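Please work from the sequences and hints to get the whole structure.
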Amino acid sequence: MITLPKFFLALAKRGWAQHVIEGLEGDAVVSELNRVGDLLGTRIRGRTASLMEVVRPQAVDDAHPRSLSARYGFGALPFHAELSHRPRPCRYVLLGCIEPGPLSTATLLLDWRALDFSPEELHLLESAPIFVRTGRRSFYSTILSSDRSFLRYDPGCIEAIDMRGQAALRLVEQRLAEGLPEVHHWHRGDILIIDNWRVLHGRGTSEQDTGRCLARILIDA
1 MITLPKFFLA LAKRGWAQHV IEGLEGDAVV SELNRVGDLL GTRIRGRTAS
51 LMEVVRPQAV DDAHPRSLSA RYGFGALPFH AELSHRPRPC RYVLLGCIEP
101 GPLSTATLLL DWRALDFSPE ELHLLESAPI FVRTGRRSFY STILSSDRSF
151 LRYDPGCIEA IDMRGQAALR LVEQRLAEGL PEVHHWHRGD ILIIDNWRVL
201 HGRGTSEQDT GRCLARILID A
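When the letters of the sequence shown are read in order and numbered with full-length UniProt numbering, they come out as residues 1 to 221.
Bear in mind the hints are in silico, worked out from the structure with no lab data behind them.
On a predicted model such as this, the values are computed, not experimentally measured, just so you know.
One should not assume that every hint holds.
What the hints assert, rightly or not - Pair ranges (Cβ atoms, derived): (1) His123 to Asp27: 43 to 51 angstroms; (2) Pro129 to His185: 35 to 43 angstroms; (3) Glu207 to Ala177: 23 to 31 angstroms; (4) Glu53 to Pro87: 14 to 22 angstroms; (5) Arg188 to Met163: 46 to 54 angstroms; (6) Asp220 to Phe139: 17 to 25 angstroms; (7) Ala12 to Leu122: 21 to 29 angstroms.
Just so it is clear, CB atoms sit at the ideal spot from N, CA and C, and this is done for glycine as well.
Have a look at this one:
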């Protein structure tokens, strides 16, 4: 009988899991991150067209022009689903800690299914049109997918195109503001596995040159 890693249980139960192996740092973190990712599915490329990205807090002027950092800089990054600017967001986000930085630069996690949307509100989210801005490949969509499997939400790339879309965005913003996120403070060697279709993530405030450095891979499944 095949024994699955313990993190699969936590991932299924709450939508995210922490995977820690003592003594991991640097290249060993990246190697373990890739190993775990291969257990979950197929790696896909992020905004930088790389299969593995290094993520650091960035000033507005230094960030990718369509990233959240380009809007918020070292301030807190709002909750979002990774790759919301693509027709089908990635299923999992894996983050590995190379350098933790200060406690304030934590990762925040919030399960959108725990935000108590009523049946009428869910219908609004899956029917109200929004515009997803991604350069020449921009497209129309909805916040909630038609099969209700994922929430497409990223303040950096989505916008309302009518009153129903505005109501849908206000509803999500309100529930996120009222939500009680789980807070993950990083330690060197930590690996965080996030079900991107279920759990939105954000970041606490940072300061310039804190040294916080995470490796990130994105998984399709």
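Checked hints:
Distance hint for His123 and Asp27: a CB-CB separation of about 48 angstroms, consistent with the stated range 43 to 51 angstroms. For Pro129 and His185, the Cβ-Cβ distance of about 39 angstroms falls inside the hinted range of 35 to 43 angstroms, so the restraint holds. Taking 23 to 31 angstroms as the suggested C-beta distance range, the pair Glu207 and Ala177 conforms, at roughly 24 angstroms. Between Glu53 and Pro87 the C-beta distance comes to about 20 angstroms, which sits within the given range of 14 to 22 angstroms.
For the hinted restraint 46 to 54 angstroms between Arg188 and Met163, the CB-CB distance of approximately 48 angstroms keeps it satisfied. Distance hint for Asp220 and Phe139: a CB-CB separation of about 18 angstroms, consistent with the stated range 17 to 25 angstroms. At roughly 22 angstroms, the beta carbons of Ala12 and Leu122 sit within the given window of 21 to 29 angstroms.
In the structure shown, no violation is registered for any of the earlier numbered hints.
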